[in-house]
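Number of protein chains: 2
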Amino acid sequence: EGICNGIDVAMTEETLFVDGHRLQQQIDQLSSFSDTPPPSVTRILFTGNDVAARRYVKGAMKEVGLLVREDAIGNIFGRWEGSIPRIPGVASGSHTDAIPYAGKYDGVVGVLGAIAAVRALKRIGFQPKRSIEVIMFTSEEPTRFGFGCLGSRMMANSTNIVEILKESFDAENVSFAEAAKEAGYLDVADELETVALDVGRYSAFVELHIEQGPILEKKGIPIGIVTAIAAPASLKVGFKGDGGHAGAVLMPVRNDAGLAGAELALSVEKNVLASGSTDTVGTTGVFKIHPGAVNSVPRESHLEIDIRDIDEKRRDKVVDEIKRSAHEIAGRRRVTLTNFEIVNQDPPAQSGDQVVGAAIEAAELLGLEYQTMVSRAYHDSLFMARIAPMGMIFIPCYKGYSHRPDEFASLEDMTKGVQVLSLTLKRLSSL
Amino acid sequence: EGICNGIDVAMTEETLFVDGHRLQQQIDQLSSFSDTPPPSVTRILFTGNDVAARRYVKGAMKEVGLLVREDAIGNIFGRWEGSIPRIPGVASGSHTDAIPYAGKYDGVVGVLGAIAAVRALKRIGFQPKRSIEVIMFTSEEPTRFGFGCLGSRMMANSTNIVEILKESFDAENVSFAEAAKEAGYLDVADELETVALDVGRYSAFVELHIEQGPILEKKGIPIGIVTAIAAPASLKVGFKGDGGHAGAVLMPVRNDAGLAGAELALSVEKNVLASGSTDTVGTTGVFKIHPGAVNSVPRESHLEIDIRDIDEKRRDKVVDEIKRSAHEIAGRRRVTLTNFEIVNQDPPAQSGDQVVGAAIEAAELLGLEYQTMVSRAYHDSLFMARIAPMGMIFIPCYKGYSHRPDEFASLEDMTKGVQVLSLTLKRLSSL
Ligand SMILES: [Mn+2]
Ligand SMILES: [Mn+2]
Ligand SMILES: [Mn+2]
Ligand SMILES: [Mn+2]
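The listed protein sequences derive, respectively, from chains B and F. This note's numbering puts the first sequence at residues 93 to 523. This note's numbering puts the second sequence at residues 93 to 523.
Derived by calculation from the structure, the hints in this document are not laboratory data. Computed from a prediction, not measured in an experiment: that's the story for all the values here. We treat Cβ as the ideally placed atom computed from N, Cα and C, and that holds for glycine. Check the hints yourself; a few may be wrong.
Claimed, not checked - Some chain F residues judged to face chain B by a derived CB distance under 10 Å, without partners named:
| # | residue |
| --- | --- |
| 1 | T134 |
| 2 | A194 |
| 3 | K328 |
| 4 | K332 |
| 5 | G336 |
| 6 | G339 |
| 7 | M343 |
| 8 | V364 |
| 9 | E396 |
Just chain B, same shape as in the assembly:
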């Protein structure tokens, strides 16, 4: 099956040493920068803990000899110069931000793991032909301004993202520019256009990540190689009614915006199930009502909805059905549909054959069992696929849990993942 083709014989699992304990220690240290107590991790864009995590990552990059730079949106790059510096390099990375009450592995394994891979490759005296760059992407999570994969989205020059961002506010009504300024990104608003990279800037991009699903763990397979990433869409919906006193406003004259929201959340579930495929998922992850007092009829509700599928058309049909539902509910309950915003509706991404091939070769060379699979969670890889051939390496995580304090990946599995990443980077940077 062509194992070992183009892989130096000296680079087997015998000589490649990945320091798993050091990686675990760094993951634990990074998890201490959190707005909520351990074991939970909460690290939101441009907060004090996000800034602290950035400082930590830059330090870890420098420690392994990488040349560190940062772009206007705060994407951090650690460069290992190749022997032919002018040709496109190979990049690998992920994110370190974390949604409220999440865990310490999501994203972090792919950033600190890529640094560990560089360390392992340097230890065996490898000299890449193409430069290798480790990337920490800004705000993969959509928590603060509603956009997932902000850093990679901008790198991939996503339509209008810069304009939209300039007019974005967080839940506390802090503008993007103010938030960036507070984090020390002083002139960010003027330089956002400089973040976009040309197609072909990198010859390949590969991301190491926990699976965030139960398949690998259940089957006892240590490595997943991603062939496609499911297509995410996210919506913001608002309803508004008259509100009023919970005792005095009688039921027949009410137009309760909270109940309209409750119906829409249930309609999301119903429409997703109606797709008939278990690959379709839909979630109302944000549900807020105003004024939010026990004796007050809700006047306003605000929902944020996430719909994904590996089939773009099927997903878009669900989005259409939810929109129809929102209008129907508003009409029937005599509330106003104040907002139905499709925040993003991205196409799915296919992995690059060469990247998948290099990862398969690496796993086989290391004698590690692997399987190819689809990623139902989106990742920065989804956007990097627009400017470079992309691939992802998954490792198992406990019960498939993610975005939870008890998210967990074993030191052994992380070590195997970094080994595969190391040999994949070695291969891709030699091509």
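Based on these hints, arrange chain F with the ligands on the given structure of chain B.
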């Protein structure tokens, strides 16, 4: 019909002058103590603005010659000594706290209006036989610690309220004792038992209030005289599921606590409508989900539900049905019902015949049209009814709106209300 019996002929609408403009000015001034911008008013127990409002009310009481004292829970009393000080006095008052984004009339009209009534009675040279006390009750709204009518509830020596309060925390996990201390009520926890008053301490209690419903305005009637107050119950419900990543956790294995909450909110509506009476009302006024990120399946939901009826048994049946629903939803959706707490489930109150009679006499003497009615909102009067014959005087408010920034009562209607209150107090304090 016995009009004018026992009412001094000199005290007609010709001689009784209520300074409506001064009342309006005081209401406007008080509304400036708010955590949210005008026209909304937000004034939560023991916050800086609540403390400022208390200072303002004490000042207004002193200005009209009342002797001011305050009990351990912060109920404020302004006393006009009667000619026979040792016999039970007559009390009148309401509250000045306001739920988030409420208006400036709810409660306030009954506190500043009672002060205006004292001013009007003093102006005509009236000397009460029984003392007249104006009361500002602490935390009529349940916003911070979940108990409505905290001050009057404690005055009426409600079962276990002191013990429960000592173990109560607000949404930011601040204990009641800490919150009180911050507001300057240093030893409140040790003295809470002293707030309770004996039955018979007052010979009568009467509260002036906006209707918080549309009836008086619609009919063009300036005065409502309350014969009974509907019975409120409030519930706190919590669901907990496994949560997880919105992309990776497939629908068949989810147990979404947010959707369980959405179903329960709709079930509240369904069960209330099933009572068959428009007098039954039910509201899910608080609905929070955790962690509250668009790409995270809700792990926890927290609902606060308010159920009222003028028929206690019918209301209790609705509460039972909601409880059954909560269990059924939890079972079907494989979430845990972590909490189903009946925070309070109070009996309705009947007005005292003598108080109703005095108010009717007052309205007739003033030539004002009135109607008797039921209060569907609860008030401090609900609890004062346990220790004294109670009555309420309602005035119209714009479209029946309350607990909204556009809550409004006209100067003319407020003036008429204070006139009726003045003559009612005059009558009751002379008996
Ligand atoms: Mn994530
Ligand atoms: Mn991630
Ligand atoms: Mn109120
Ligand atoms: Mn009130």
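Here is what the structure says about each hint:
At a threshold of 10 Å, the smallest CB-CB gap from T134 of chain F to chain B is about 9 Å, leaving the interface hint in force. Because the beta carbon of A194 of chain F sits about 8 Å from the nearest beta carbon in chain B, less than 10 Å, this interface hint is met. Interface restraint check: K328 of chain F against chain B, minimum CB-CB distance 9 Å, threshold 10 Å, status holds. Because the beta carbon of K332 of chain F sits about 12 Å from the nearest beta carbon in chain B, more than 10 Å, this interface hint is broken.
Taken as an interface hint, G336 of chain F checks out: its beta carbon lies about 6 Å from the nearest beta carbon of chain B, inside 10 Å. The criterion of a C-beta within 10 Å of any C-beta in chain B is met by G339 of chain F, whose closest approach is roughly 4 Å, and the hint holds. About 6 Å separates the beta-carbon of M343 of chain F from the nearest beta-carbon of chain B, less than 10 Å, and the hint is met. Contact between V364 of chain F and chain B, as hinted, is supported at the beta carbon level, the nearest pair being about 6 Å apart and thus within 10 Å.
Below 10 Å, beta-carbon pairs count as interface contacts, and E396 of chain F has one with chain B at about 4 Å; its hint therefore holds.
Of the numbered hints given earlier, the model fails hint 4 alone.
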